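These protein sequences, in sequence, are chains A and B. If you use our numbering, the first sequence corresponds to residues 3 to 323, in order. If you use our numbering, the second sequence corresponds to residues 935 to 1229, in order.
These are computed hints drawn from the structure, not numbers from a lab. As the structure is a computational prediction, the values presented were derived from the model and not from experiment. Cβ atoms here follow ideal geometry from the backbone N, Cα and C, with glycine treated the same way. One thing to keep in mind: the hints can contain errors.
A few chain B residues facing chain A, derived, Cβ under 8 Å [what the hints assert, rightly or not]:
1) Leu943
2) Leu947
3) Gly948
4) Trp951
5) Tyr954
6) Ser1064
7) Ala1076
8) Leu1158
9) Pro1171
10) Val1173
11) Asn1187
12) Trp1195
13) Pro1199
14) Gly1201
15) Met1203
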Amino acid sequence: MKTFLARRALTSLVTFIAVITVVFLLARATGDPLAELENDPRISPATIAAIKAAFGLDKPLHQQYLSYLANLFRGDLGYSLHYKEPVAEVIARKLPYTLALLVPSITLSNYLAYAVGIEVGWRRGSRFDSIFMSVSMFVRSTPYFWLAIVFLYVFSVVLGVTPLFGAVTPGRRFEWSLDWLLDYLWHYALPFTVLTFRGFLSELIYVRNVAVDVLGEDFVTTAVARGLPEKYVKRRYVARNAMLPIVTVLGMRYAFIIDGAILTETVFSYPGTGRLVYEAIFNRDFWLLQGAVVVLAASVIIVNLVIDLLYAYLDPRVRYR
Amino acid sequence: MRSARFGALGEKLGEFWSVYKRDRAAVVGLAVFLAILTVAVFADLIAPYNPYERVGRPYERPSWKHLLGTNDIGQDIFSEVIYGTRASLFIGFLAAITGTAIGTIVGLVSGYHGGRLDEVLMRVVDMWLSIPTLLFAVFLVAVIVRTGGIPMFYSVILAIALTSWPPVARLVRSATLSIKERPYIESAVALGASSLRIMLRHILPNVAPIVLVEVVVRTAIAMLTESSLSFLGLGDPTVKSWGTVLHFAMIKNALILGLWWWFLPPGLMIAVTVMSVMMVGRGLEMYFNPRLRRY
């Protein structure tokens, strides 16, 4: 197990370095990170030269790359031209909002998809099955942001039961921390529901198909033929064997929900890392965009590492390869 | 009399249809898709107005004159949605073709060549997949636009293509691995055929069905990515796709003003189109892979 862990951690590190190298090369291939400043006629060329020297942009490419790597591992992601503060600080401030949204959402949606998917697969070919499949197919075909817009329109504009934007009511002063928490949860409800609903229905089709595959196995037929109770077969034979393929795609799900967070947070004006991506585009804040890409990609790599370890724990065969 | 060649093709199509039509969802999907394709091709005949011109007062409500009202600068939203069909399908298809082509080449080379090259290419694929698709596409558009030279419209297509090839490469690679063990490949090698010739003449035709299904599925996914990019403000603002219409609906507060006729129809069109393309893809997959058929 130890060597497996060491090998897997090393692979993750190599992948991470590859990702940041690609990001660096792409970013530098496009030339000047200070182009936005240079277009501002109020800033003199001397100032720009001074800024360039301060950021080491006048050095040769390989030196820039090395200092970029060194800075990254020191936690320095560059400077946000819009926020006028280090990118790392901006992201650190916004990341908790996104994680508080993503982690419970991915947990709940996967749990629901697992529980319901096995049931739907069990009743394959029934009306129950076809209704669930059609609804999932449709929801999966809607753009993420549009689903968020529809939810926001129905619940906040038409029904008026949820707020229109933000994570807490702006300008409001909270006497009690419980007050803050209630206000936060009131804002949290809708983005969380959109992400979970969408995640649940996307995963559902997959779980259902895995369950149908397992149901086709001989050992299930044998179990049924032996006259074992339906519930027992479902739980001990089908659900358990369906677990591995579901764990395998968790990493993909996580990467996908980040895309969802970018769009959902934009629609709900939610102050997380996802909306930061939109703001970076809007304000042409290239370093901020680059920083967000690096941090989010790193989180995907870490999540994949954890899932692989979980997989090795669930399936001992993996450890001895 | 029909020529022999045409007859053979007709027979093939007949056989294809007899299998394809068994999946009712795939048939409905094909019908819906053909209808949408017709709208895209004849957009200028169907749309009552030119969507790029001001034809009414801003923010008009739906009426017989303007079926879906007008937007913030007095353009007819119904015509925008009709024209959007063209742009969205075109971008999705072109991005899917390009991405699938890249993936097919990488997969063929990686699978056939094997060894070190295969290992390196598959590492690249893994790395590529660890960056979330939309996030990567956003970054790529930002990068491509900064280099200049390529118009916004094609930057978006290129960015989507560059994010969509890795899954294709994986699929084609694994198919190539099994095909290259077949005896006729050994014969071709023994006869002195070059690697390029073997890949193009003997392996490619055998992976063609996979590639075809991928083009269809990737088109659906690319359309979704395009709409998201445009929505985030990374589309070409001078080309009306469903995503750009939604982008302007959002930033001009259609939501808070309750103008549902502005933001519901484009999204619904995306969903219906993507779903129909997906169903066609599934029908094709069932035709090519008999194990998936349910009787």
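Hint by hint, here is what the structure shows:
1. Leu943: violated (32 Å)
2. Leu947: violated (27 Å)
3. Gly948: violated (29 Å)
4. Trp951: This interface hint is violated because 23 Å lies over the 8 Å limit.
5. Tyr954: Because about 18 Å separates Tyr954 of chain B from the closest Cβ in chain A, which is outside the 8 Å limit, the hint is violated.
6. Ser1064: Holds, about 5 Å.
7. Ala1076: For Ala1076 of chain B, the interface hint holds, since the closest Cβ of chain A sits about 6 Å away, which is under 8 Å.
8. Leu1158: Holds - the Cβ of Leu1158 of chain B comes within 8 Å of chain A, reaching about 6 Å at its closest.
9. Pro1171: violated (13 Å)
10. Val1173: At 17 Å from the nearest chain A Cβ, Val1173 of chain B fails the 8 Å test, so the hint is violated.
11. Asn1187: violated (10 Å)
12. Trp1195: For Trp1195 of chain B, the interface hint is violated, since the closest Cβ of chain A sits about 12 Å away, which is over 8 Å.
13. Pro1199: violated (11 Å)
14. Gly1201: Because about 3 Å separates Gly1201 of chain B from the closest Cβ in chain A, which is inside the 8 Å limit, the hint holds.
15. Met1203: violated (10 Å)
Hint violations for this structure: numbers 1, 2, 3, 4, 5, 9, 10, 11, 12, 13, 15, all remaining hints satisfied.
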